[in-house]
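Student: Residue-level listing of the chains:
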Amino acid sequence: MTHAAVVSAMRPPFPAERGVDVYNKKLGMWVFLASEIMFFTALIGSYVILRFGAPAEWALPGKVLNIPVTAFNTFLLICSSVSMVKAYAAISHGDQKGLRMWFGLTILGGAAFVGVQVYEYTHLIRHGFLPSGFRDGSELAELAAANPIVYGQTIAGLYGSTFFTMTGFHGFHVTCGVISMLYLYITRVLPGKYTKDDHAGVEVVGLYWHFVDLVWIILFTIVYLI
Amino acid sequence: MTTAAAPHAMPHAGHGPTSFWRKYIFSTDHKIIGIQFLFVSLFFLLVGGILAMQIRWQLGFPGRPMPGGGILPETMAPGGVILPEYYIQLVTMHGTFMVFFAIMPLLVGVYANFLIPLKIGAHDMAFPRINMASFWAAFLAGMIMLAGFFVPDGPSRAGWTMYAPLSASAEYSGVSTGQILWCLSIVVLGLSSILGSLNYITTIINNRAPGMTWFRMPLSVWALFITAILGLLALPVLSGAGIMLLFDQTIGTHFFDPAAGGQALLWQHLFWFFGHPEVYILILPAMGMVSDIISNGSRKPIFGYHSMVFAIVAIAFLGWIVWGHHMFVSGMNPTLGSTFMVSTLAIAVPSAIKTFNWMGTMWRGNLRFHVPMMNAVGFVSMFVIGGLSGIYMAATPLDMFIHDTYFIVAHIHYVLFGGSLFALFGAFTYWYPKMFGRMMSERWGKIHFWLTFLFYNATFFPMHILGMGGAMRRIYDPTQYDFLKPYQPLNQFISISAFLLFATQIIFIVNFVGSLFRGKKAPANPWDDNGLEWTLPNPAPHGNWEKPPTVYRGPYEFSSPEVAEDYLPQTRKLPTDREPVLAPAAGD
Amino acid sequence: MHWWLPLQASTFAKPIDGLFVAILIITGIAFVVVEAGLIWFIFRYRQRPGRKAYYTHGNNRAEVIWTTIPAVTVVVLGLFSNHYWVQIKGRNSVPPNAYPIGIHAKQFEWRITYPGADGKLGTADDFTVRNQLHVPVGRPIEVHLSSEDVIHSFFVPQLRVRQDVVPGMDIKAWFQATVTGDFELGCSQLCGMGHYKMRARVTVHTQADFDAWMKATQEGAGS
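First to last, the protein sequences are chains A, B and C. Positions 1 to 226 (my numbering) are the ones given, in order, by the first sequence. Positions 1 to 588 (my numbering) are the ones given, in order, by the second sequence. Positions 1 to 223 (my numbering) are the ones given, in order, by the third sequence.
The shape of chain A in the complex, shown without the other chains:
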C-alpha cells in the first residue's frame, strides 16, 4: 500500500462499533484525566496520611502562607475557566472573534496564575520556607522558635515537603496547559482553523483546563485554608 493510500484510508472517520458516543480525542482526554486523578490522589493521599500521622500539629493557616494573595490567584484561575467556557461557546456558534478574545484571556489568566505562584515561591523561599522546612537563621525560623506551636516548628519539614510538592506539580500542570493553549492559539485559533463544526481542540484542552482548576480548588482548601 502506498503512503498516500494509507493516509487516505486513515483520514475518514473509521466506521466502527462504538462503545461510547464520544469522539476519540475527547475520550482520550477523559481517560488521561483519570490517570491524573490517580496521580494527584497519590500526592494528596500522602499529605493526608502524613498530616494526620504527624507527631505534632501543622502550622496554623495563614501563618506561613499568604492566603489573600493565593485567594486572588484562585479567583484568577476560576475566571480563566469561565473564559474557557466562553471561548468554547463562541466557537460553537462560529464566532471567531469571540474565540480569539476568550481563548486569549484564558491563556493570560493561566499565565498570570503561574506568575503569581512564582512570586509566591520566591517570597516564601526568601522568608526561609523551603521544601526541607524552615531555613536555619531565616525570618521564619526565628518566628517559629518563638512560637513553636503556631508555626508547627517540629514538623515544618513535612509542611514544606507536602506544600511544595503538591502546589509545584499543580503549577507544572498549569504551565503545560498554558504552553499547549499557546501552541493552539498560534497554530489554530489565530489562523481561524477552528470552525462551528470542528473545534475539538478547544473542547479537549478545555477539559484539561477545568480539571486543573478543580484540582487547585481542592489544593487551596486543604493546603491553605485548613
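These aren't lab readings, by the way, just hints derived from the structure by calculation. Treat the hints with care, as some may be off.
[Said to hold, decoys possible] Subject to a maximum C-alpha distance of 30 Å in a straight line, what follows is the list of computed BS3-like cross-link-like pairs (lysine-lysine):
id	chain 1	residue 1	chain 2	residue 2
1	A	K26	B	K547
2	C	K52	B	K573
3	C	K106	B	K485
Everything numeric in this text was worked out from a predicted model, so none of it was measured.
Chains B and C: place on chain A using the hints.
Tutor: Using the frame of chain A, we list chains B and C on its own:
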C-alpha cells in the same frame, strides 16, 4: 490530530515520502511500534537474565571468582569476586529490569500494540503519535535505568521495591546518583505507560470494526483492555511515589524520613497500592493470550467465555484492595492484616475459574501440539503452582514465617517466569509469522520448550524448600548463617540449573533471529485461526485494512458444526449471518 | 540438609506448621487434580485425523461447581488463619505476664536491652548487649522493636516469629520459646550492604540458667 494531549504529542505529522527512519524508527504504525518494543524488551530480558546469573553464581559459590567476572570493575567484583554492595545492586536491578523493562513491556508494549488494532479490526491506534511517544519514553526510561551501572557507586542498592528510608538516603544505601536515576527512570516509564494505556483504552472502546461487539472480542483483547485500565490508574501512583522519593534525595523533603515526622511505611503503602495491580498487569495479558492459544490448539471454543471475561474483571478489581498482603509483618495494624487476607484469598476464586475453564477448553478437544500450544499448557501447569503457593502467603500466620524468604522468591518466579514468560514464548511463536512473515522453527521451538520447562522447575522448585527452611532473601552470603549452611548443596543445584536454563535461552535467541532470515515463509493463516489478524497478508501493511472488516461472530468458533473445516473465521459470512447494525458514529 | 520446616521451638510453631500442612494438603489436591487432568487430556484428546473436537461453549453447572469449591475452601481457610493471626499478632495478643526485652536495630547490628532484676524496661538496672538475645524457656517474651536508621526485620525461623523493625515506630511482638537451645536471629529485610551479616545469637535458657546469665552479664556490664 492529537491536540488533546498537546504537551505529549509530537508536533508534526509525517506527510512526506516514507523514509527508512519514518518507517522503522519513528514509525507511527502500531505493528512497528510493537516490534520495536519487542526487540528492546528482549534486550532487557537478556540483561535481567545476565544479572540473575551473577546472583546465582554468588549464592551457589559464595566468595569464589566468577568465570568472566574479571571484566567487571574493581568497585563491583575485584578479581571476579562479587562484592556485597554489587550483589545488592544485582538483586535490585534484576528485579527492576525484569518487572519494568522486560515482562511488562513484553506483554503490554509488544502485544497490546501489535494485537489490539489487528484483533478488533482497526486501522491503527486511536493516537498513533502518542503511541510512538510512548515507545520512545519507555526506551529513554530503560536507558536511564541502564545508565545506573556506569555512574560512580553504580545503580540503586535498595531492592526493586525501594523500601524507604534505605532508598531515600545515600547515607544508608551508599548510592546517590544511581538511586536518583532509578527514580527518574520510573517516572518516565510511568508517563510512557499512561500514554500507552490511554491509547489502548480509547482504541478498544471506539475503534472496533463493525460487528465487533464487546463479547465478540478475543480474551487477549479483553485482558489487555483491563490491563490498560490497571496501568492507567496504578502507574501514576508509582510516579507520585517516585517523585516523592526523588525529592527526598535531591531537594531535602522529608516524606519518608521518620526523624522529621515522615513515615517509612508510607512508601510501602504507595508502592504496593501500585504494585499489586502491577502484578496483574504482568499476568492478565498472559492469561488472555494463553486463552486464545489454548482454544486454537484444542480446536474448541473457549470454555465459559463470559465467565473468563468476568474472572479477568474480578481479578483486576480485587487487585486494588489487596496491597496490604505485602505488609502483614510490616508493623501495619493487624486488623488491616485480617482484611487484606480475606480479599487476597478471594482472588483464588477467579483464578480457579480461569484454570478450570482452560482445562474445560482442552476437554474433548482435538489437541494440536504446536509450539505455542505447548507453551500455553506449560503456562497453565506452572501458573497453578504459582497461584497455589500464593495461598500460603495469603494465610497471615503462615506469612509471618515465610515472608521475605525464598518461598516468596519461588512464588514470584512461578508466576512471572512459569506464568508470564511461558505465555510469552507461546505468543512469540504464535504471532511471529504475522510480525515477520516467517515461521519459527518448530523443532527447535519444541526442544527449547522442554529444556526450559525442565531447567526452570529444577531452578525454582527447590527454592520452596529453601524458604521452608527459613532462608532469607537478598542475603549476599548464605553461609554466614549456621542454619543455612546445610542448604549449600541445594543452592549449588539451583545455580547450576539456572545456568542451564540461561544457556537454553540461546536456542530461543538463535531460533528467533535465525528465523527472521531463514524461517519458512508463512502462509497468511498458519494456525487455522479465526482472528481478524489472520485475514491480513504477512506482514500486515501499514493501515492494516483497505476497508474495515465486518465481524459476524466471536473469535473461538472452532469445530463448529456449521462448516466442514474445524475453524470459522470471524469475518466469514455464512448465509445465516446478518450484517451488523452500526451505531451512529460520533464525528471524528 | 533439611527438607521440611525447621525445629519447632516456640508456641507459634504448632499452629503455623499445622496451617502449612493443611494448606499443603488443600493445594496438593488442587495441584494433582489440575496436573493429572492436563496430562490426561494431553494424551486422551491429542489430535487424530478425521476427528473433530466436541463443540461446546461451556457448562454452567460445571462452572458453578468449580467456583463454589474454591470459594468455600478459602472462606474456611480464612477463618482458621484469622483465628491464629489474632492470637499471634492481634493488638491484645501479648500475654500480660510477658517479659520485656528491648531490641534496637541499626545498620548492621542488634542492640538488645534487658530489663535487669526489676523486670522493667526503662529503669536504671537495664543493660544492653550486642547481637545476643537470651531468653528463658516457657515464658512469654515481649520484644520492643525500634530502629535507628532503616527498616530491618526480626526473624528467628525456629521460633516462627518475624516482625519488621521500622524507624519511627515502636512495635511490639511476642513469642514463647518451648525448647532450650541455640538459634540464630537474622535480619530478613534488605537493610543495606551489611544486611547479610546482621545476625545475632539466640539462646533459650532454662529460667535458672537465664537468671544466672543475667546476673553474670549485668555484673560484667556494671563493672
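Student: If a hint holds in the structure, say so; if it does not, say that too.
Tutor: Okay, the hints, checked on the actual structure:
The hinted pair formed by K26 (chain A) and K547 (chain B) meets the criterion: a straight-line CA distance of about 25 Å does not exceed 30 Å. Between the alpha carbons of K52 (chain C) and K573 (chain B) the distance comes to roughly 22 Å, so the proposed pair stays at or under 30 Å and holds. As the CA atoms of K106 (chain C) and K485 (chain B) are separated by approximately 25 Å, the hinted pair is consistent with the 30 Å bound.
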